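There are 2 protein chains.
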Amino acid sequence: MPTARPTRPTLEAVAAHAGVSRATVSRVVNGGAGVRAEVRERVRRSVRALGYAPNIAARSLVTRRTGAVAVVIAEPESRVFTDPFFSRQLRGIGRELARHDTQSLLMLQERDEDHERIGRYLAGGHVDGALMFSLHGPPPGAAAVRAGLPTVYGGRPGWPGADADPGLSYVDADNAGGARLAVTHLLAAGRRRIAVLTGPLDQTSAQDRLAGYHEALRAAGLEPEPSLAENGGFTVEGGARAMARLLEREPALDAVFAGSDQMAVGALRSLREAGRRVPGDVAVVGFDDLESAAWTDPPLTTVRQDVEGMGRLMARLLLRRIAAGGAAPGPGEPEPEPGPAGPAEADTGPVITEARLVLRESA
Amino acid sequence: MPTARPTRPTLEAVAAHAGVSRATVSRVVNGGAGVRAEVRERVRRSVRALGYAPNIAARSLVTRRTGAVAVVIAEPESRVFTDPFFSRQLRGIGRELARHDTQSLLMLQERDEDHERIGRYLAGGHVDGALMFSLHGPPPGAAAVRAGLPTVYGGRPGWPGADADPGLSYVDADNAGGARLAVTHLLAAGRRRIAVLTGPLDQTSAQDRLAGYHEALRAAGLEPEPSLAENGGFTVEGGARAMARLLEREPALDAVFAGSDQMAVGALRSLREAGRRVPGDVAVVGFDDLESAAWTDPPLTTVRQDVEGMGRLMARLLLRRIAAGGAAPGPGEPEPEPGPAGPAEADTGPVITEARLVLRESA
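Protein chains in written order, with the UniProt record's numbering: chain A, 1 to 363; chain B, 1 to 363.
Calculated from the structure, these hints are not laboratory results.
Just so you know, not all the hints are guaranteed correct.
These stretches of chain A come out as covered by chain B in the derived footprint (C-beta under 8 Å, 3 or more residues) [said to hold, decoys possible]:
id : region
1  : 109–120
2  : 170–178
3  : 256–269
Label-pair restraints from in silico Cβ distances [claimed, not checked]:
id : chain 1 : residue 1 : chain 2 : residue 2 : range
4  : A       : Gly-349   : B       : Gly-275   : 55 to 61 Å
5  : B       : Pro-76    : A       : Gly-137   : 30 to 36 Å
6  : B       : Ala-252   : A       : Asp-202   : 25 to 31 Å
7  : A       : Arg-22    : B       : Thr-10    : 22 to 28 Å
8  : A       : Glu-12    : B       : Gly-161   : 25 to 31 Å
9  : A       : Gly-190   : B       : Asp-112   : 53 to 59 Å
10 : B       : Asp-297   : A       : Arg-277   : 23 to 29 Å
Note that the structure is a prediction, hence the values are computed from the model and not measured.
We put the beta carbon where it would ideally sit given N, CA and C, even for glycine.
Generate the whole structure from the sequences, applying the supplied hints.
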């Protein structure tokens, strides 16, 4: 490493060093088309000698690609870094983007000011596209998305008007179907007072799992009772507190469908503290099938969604959108490289992945 | 949300819509200096009407600021998302950057290809500066840093030549001093066979904590014994395995200094499994004072470093470097805004924060 901090060398400095024009340096930095090999080599030597870092802000004016993708999660660190759902989804996303030499830029959105700032960033042409998940309302950067920024959502978009937009691309699990499987299983085992722990109901995953619970009960001729539902906020602590409230209000409950494994872990704790045996007194089913589900006491029966696979799919759909939807190159500009599936009108619409029941011991 | 996906409107389209030149639109988008108020308002109406997203790639050619900062962690998701050290450091960084309306872009570096890709990204002019931590070797984007990209490191830089570079800016805890406190405390309590669990020795934090352990032993007239040291990789699992190996090899050990709380948690587990009482048979001291340290069984005596505060400090130093070190604006270009501490030759050098011993029950 050097001992001084010079200001960044400019294009002009490279041009002077190599004895060529600014335009020639620019052409070499952007691939070298139309520049003699001997001159090209001379410019490259000057670039190396001066430690010139080609400004991709300038280069992207030509190619209109940055090689980077925004990954926006609308949750605070305290959730993203404690719920293994997020690291799994991000692993899938990161691996797939890396396979296509694309840099992922993770941004967390917690407060209104984050929403605005991320929106401005997305509008700024810094990224080729965006992945957004765990949204609790309209996405940041709506103007940028409207203006054509390729975007894929994780989870069904739920803000007003989203249903009417056929252009929205998203990946989701079959949340309602998975919930129906869970509750139908509990009913088949003879359970009749089945409680539900929901996630935050401003999220479509929480809404859809609750809807599946309602559907399964009604299909069995039972009417859902509001006193059997509690919001556990998709967290361990929230699940524990919600379970304690349910036990106090409905001591005769004989089963719980928890809308996430994290809440199921909390529910198991509260049930144990209340002296209830699982599954003897109360059967418990979770949702997600995270690593921890196999290690709870007793091991958790749960609905499996392929979280890492969903992350990979989101990244793949986005790369296709970027390849297919980018602005056409102008005269003399390089053709965009084809994406992983080629620039077809390929399947970039909603993809709903299967959710299936994994039987262990808790139900 | 719209139902069609038009291509992004261009500067030209805005110019045509407003009936002005491209250059005028460009001036308005970049602040409007030198444009009559009436024309400025007309252009702004066209920008809104077309949903034009000003391309900050273009704008940054003028202002040379992007409003974003890279945060690079040289660890895989599996560590970043399980060790609370990272979420705490990121919380400090994110909060401080948000206070100055700066977007943080998190990038994880696991493999060589990540190192290269992140290096290219940093060289590309997409960010105003970079924060890098948990490095195991030379940083990515060395060329960009050499070329003047403002950069602040978390932890003492340890690659060859780093010592000789007075321009390097970093924030670290007093790792050696903290380790000396821990081991001196164990010695004062009469412990004599004191083992050590180290982190990965390609990280300076691990090296410095081991050095502090050596110094404290020598100050007490004891010579460090290689058979009392094991690498636990800074993880719970690694700490558990390293402790088991130490117990097998050195059954008479009466204390352990674990170079991180995560390793201490693993060590407590292995000690319990081996039937050793803590602190009766074996005293244990950790390092970090993460939330979990107060909840171990028994509660963990540990060396406290202010991880969130270090994150805040890193962000503050970087914002100062950006304010002080950016390229001077050219003629007609706007002056850079002053940073949080003004563009002084402010303290942007290394900052070493205090580490202190927190006494609980494990030692």
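Tested hints:
Note: the region 109–120 of chain A has 6 residues with beta-carbon separation from chain B under 8 Å; the three-residue rule is met and the coverage holds. Here the region 170–178 of chain A counts 0 residues with a CB under 8 Å from a CB of chain B, which misses the bar of 3, and the coverage is violated. Check result for the region 256–269 of chain A against chain B: violated, 0 residues qualifying (beta carbon to beta carbon below 8 Å, three or more required). Against the hinted window of 55 to 61 Å, the Cβ-Cβ separation of Gly-349 of chain A and Gly-275 of chain B comes to about 60 Å, which satisfies the hint.
In this structure the hint that Pro-76 of chain B and Gly-137 of chain A lie 30 to 36 Å apart at CB holds, the actual value being about 32 Å. A hinted range of 25 to 31 Å is violated for the C-beta pair Ala-252 of chain B and Asp-202 of chain A, which are about 59 Å apart. Take Arg-22 of chain A and Thr-10 of chain B: their Cβ atoms lie about 24 Å apart, and the range 22 to 28 Å holds. For the hinted restraint 25 to 31 Å between Glu-12 of chain A and Gly-161 of chain B, the CB-CB distance of approximately 30 Å keeps it satisfied.
Distance hint check: the CB atoms of Gly-190 of chain A and Asp-112 of chain B are about 57 Å apart, consistent with the given range 53 to 59 Å. Against the hinted window of 23 to 29 Å, the Cβ-Cβ separation of Asp-297 of chain B and Arg-277 of chain A comes to about 25 Å, which satisfies the hint.
The structure does not agree with the numbered hints 2, 3 and 6 stated previously, though it agrees with the rest.
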